[in-house]
Amino acid sequence: MIDFLNAFVALSNFVLIPAISYGAQLALGALGVTLIYGILRFSNFAHGDTMAFGAMCTILVTWLFQSWGISFGPLPTALLAMPFGILATMGLVLFTDRYVYKFYREQKAKPVILVIVSLGVMFILNGLVRFIIGPNDQRFSDGERFIISVREFKALTGLKEGLAFKTTQGITIVTAVIVVIALFWFLNRTRTGKSMRAYSDNEDLALLSGINPERVVMVTWLIVAALATIAGTLYGLDKSFKPFIFLQLLLPVFAAAIVGGLGSPLGAIAGGFTIAFSEVMITYAWKKVATYVVPESWAPDTLVQLLSTDYKFAVSFVILIIVLLFRPTGLFAGKSV
Amino acid sequence: MKKLLMATAATALMTGSAIAGGHGKEVKIGVILGFTGPLESITPAMGAGAEMAMAEVTASGMLLDAAKVISVRADSTCIDAGAATSAAERLVTADKVDAIMGADCSGVTGAILANVARANGVVMISPSATSPGLSTAEDDGLFFRTAPSDARQGVIITNILQDRGVESVALTYTNNDYGKGLADAFQASFEAAGGTVTISAAHEDGKADYSAEVGALASAGGEVLVVAGYVDQGGSGVIRAAIDTGAFETFYVPDGMVGSKLNENFGAELNGSYGAYPGTDSIGSAKFVELAEAAGFDGTGAFSPESYDAAALIMLAMQAADSKDSADFKDHVMDVANAPGVEIFPGELAKGLELLKAGTAIDYVGASAVELIGAGESAGNYQEIEFKDGVYSTIGYR
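Line by line, the protein sequences are chains Z and C. Position one of the first sequence corresponds to residue 1 (our numbering), numbered consecutively onward. Position one of the second sequence corresponds to residue 1001 (our numbering), numbered consecutively onward.
These aren't lab readings, by the way, just hints derived from the structure by calculation. Yeah, the Cβ is synthetic: ideal placement off N, Cα and C, and Gly gets one too. Each hint should be verified, as a subset may be incorrect.
[As the list claims (entries may be wrong)] Here are the in silico distance ranges between beta carbons for each label pair:
#1 C:T1300 / Z:A182: 53 to 59 angstroms
#2 C:G1296 / Z:A155: 54 to 60 angstroms
#3 C:S1168 / Z:F244: 52 to 58 angstroms
#4 Z:I322 / C:A1192: 23 to 29 angstroms
#5 C:G1206 / Z:R41: 31 to 37 angstroms
#6 Z:P111 / C:S1086: 44 to 50 angstroms
#7 Z:E106 / C:N1263: 56 to 62 angstroms
#8 C:A1192 / Z:S71: 52 to 58 angstroms
#9 C:G1206 / Z:L307: 19 to 25 angstroms
#10 C:N1271 / Z:F186: 47 to 53 angstroms
#11 Z:S71 / C:N1263: 22 to 28 angstroms
Chain Z extracted, bound-state conformation (with noise of 0.2 angstroms):
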């Protein structure tokens, strides 16, 4: 029994926690991507970029607070900061969509023109973050570093594996649960979140309904700001901040979106939820946990692993591959892509 007990917590130790932090925060940045597709009908490759300007934005304003003394109890400064951030990264959107994308809105532009259009975008804000607050790893994080550390739970259970629970993943995990409960209320309770529903699943008919499209796409813009701000800043303050991080970070967020099918949110989060643990399980070696669980003669030499770590950002492409090729509208039968 204990062996079962010390193979959970290991378990929970290297995959489960730090899975569905991951998962979060991939969740709340496909909710982002899949809101645009959604609404303005095209793939956002600037939303990367637009998680590290968030997040270089609360940062800043994090240091500000920290430099006048202001904390927040136990929890990092950086949720104080963070509507600072937020407000700041709402103000570059609403800019980028005035002098950008509005443009090429007016001139029905095809999907795939708006998709370089983004890619431009990108590059400009990734050369801006850089810019601004460096190519380096930044710290930011401050207060209390554990719910639980390893030693606290090993003295509290007189287990042998240990078990630790950051402030950060319980920060993640909080967050994006309120986050996403009140994205849902706004979409299926509110005026507002109705009229998105409705532009989202026939433009035409929401249009002769007296809806107004450029009141839904700036709305739109607003909600996937402050859904970049939060995901960048709860992914930098769990585990780094350094802006060439977010690039990479794409690719996870748009297998996430697209796993759950563009234009779902609930997809969105489902697939953030799917592509954190495929990464996390396939790269994880096995060996400890399985040597609890098994008896003593088949426990495993080898080190019971499927993938090298190496191979993590492969394992969104093939599930990405995989859903592309049986599924193409998603799990949640969101838009083809």
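Since the structure of chain Z is already known, use the hints to place chain C on it.
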């Protein structure tokens, strides 16, 4: 028109012979380092170190009938083998250097050795190429280095771990030539000594999250985690994730990981961990720092002492052979570098040259306690460090 051509040709010939005439009084040493590229922040101090030795010898007037030593710089770029080869080719064929001090990075050093040094029979001494592959490269006896091979560090790590009674370790390395070379060298040496490496896994630099890598390392287990990475890069990330998840408590940090950044990043969390990086308690290094300060550059810069020693060895070997021809003096490099003989420290090159002229043997110690072993590479001196109360300090030399 014909006359003009004749005149030009004649002038060219005359200039050529004029240079040739003065050549006997001159020794040219090519200094090829990555003045641009990833090492551009440390190469200026390296070049200055080598040139300080040359200036010292010129001022002494003792080398080969008061020859003047001239430095010719070229850019190795550190990463572009093609550019480095053509720069070295220019040094040898156009500038007619008598020897090469360089190159810096292992990859370009190998390329220059194979394509330029061997083809033209020119001695080259690298101050900083540490790849084990260069120990076995075909060199016709022309190649030396004042930096130790990473294979040597593998042995040092094994010794330190075994002295502490560690029998099984997990190993992670940064996925490039340095990391892979060091990891392989260490694993071979540790296993030969009876230890077990439970896993040898690469990590990529520049990631935000190393929990997956650490998960695999933790699953394999081991008493100590050896992190052959960079302190500013993935190495610190791996240690962070390993501490957070409680996967490992004790770490071994090789040369790329030792830096004040470790104290900043981890502090007391690393208490009990240990490592080693190149360094010596020889009085030569202190003397070199003084000399460098007087000359107006930073003598504590990485590989700056080794550069001084590389240039000094070239000139001392020339003096011992009484010739600036590579074919003659290549056999004397090991002699002047190693015992027996009178010990020569930085700033005493004139004394060394004088002794050699008188036929007395010398043992060049220099700024980095040079001792050439094997195929002509530095034995290397490492200082062992240990973390205590949140900072690391040197506890001994090996």
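Here is how each hint holds up against the structure:
1. Under the hint 53 to 59 angstroms, the C-beta atoms of T1300 (chain C) and A182 (chain Z), about 56 angstroms apart, fit the expected range.
2. At about 57 angstroms, the CB distance of G1296 (chain C) to A155 (chain Z) agrees with the hint of 54 to 60 angstroms.
3. For S1168 (chain C) and F244 (chain Z), the Cβ-Cβ distance of about 36 angstroms falls outside the hinted range of 52 to 58 angstroms, so the restraint is violated.
4. One distance hint, 23 to 29 angstroms for the beta-carbon pair I322 (chain Z) and A1192 (chain C), is violated here, with the actual separation near 45 angstroms.
5. Separated by about 34 angstroms at the C-beta atoms, G1206 (chain C) and R41 (chain Z) satisfy the suggested range of 31 to 37 angstroms.
6. Between P111 (chain Z) and S1086 (chain C) the CB atoms are about 48 angstroms apart, so this pair conforms to the stated range of 44 to 50 angstroms.
7. Judged by the Cβ atoms, the range 56 to 62 angstroms given for E106 (chain Z) and N1263 (chain C) holds: they are separated by roughly 57 angstroms.
8. For the pair A1192 (chain C) and S71 (chain Z), the supplied restraint of 52 to 58 angstroms holds, since their beta-carbon distance comes to about 53 angstroms.
9. Evaluation of the 19 to 25 angstroms hint for G1206 (chain C) and L307 (chain Z) yields a pass: the beta carbon distance comes to about 20 angstroms.
10. Checked against the given bound of 47 to 53 angstroms, the beta carbons of N1271 (chain C) and F186 (chain Z), roughly 50 angstroms apart, stay inside it.
11. A beta carbon spacing of about 24 angstroms between S71 (chain Z) and N1263 (chain C) agrees with the range 22 to 28 angstroms that was offered as a hint.
Going down the numbered hints, you'll see the structure goes against 3, 4, while the others check out.
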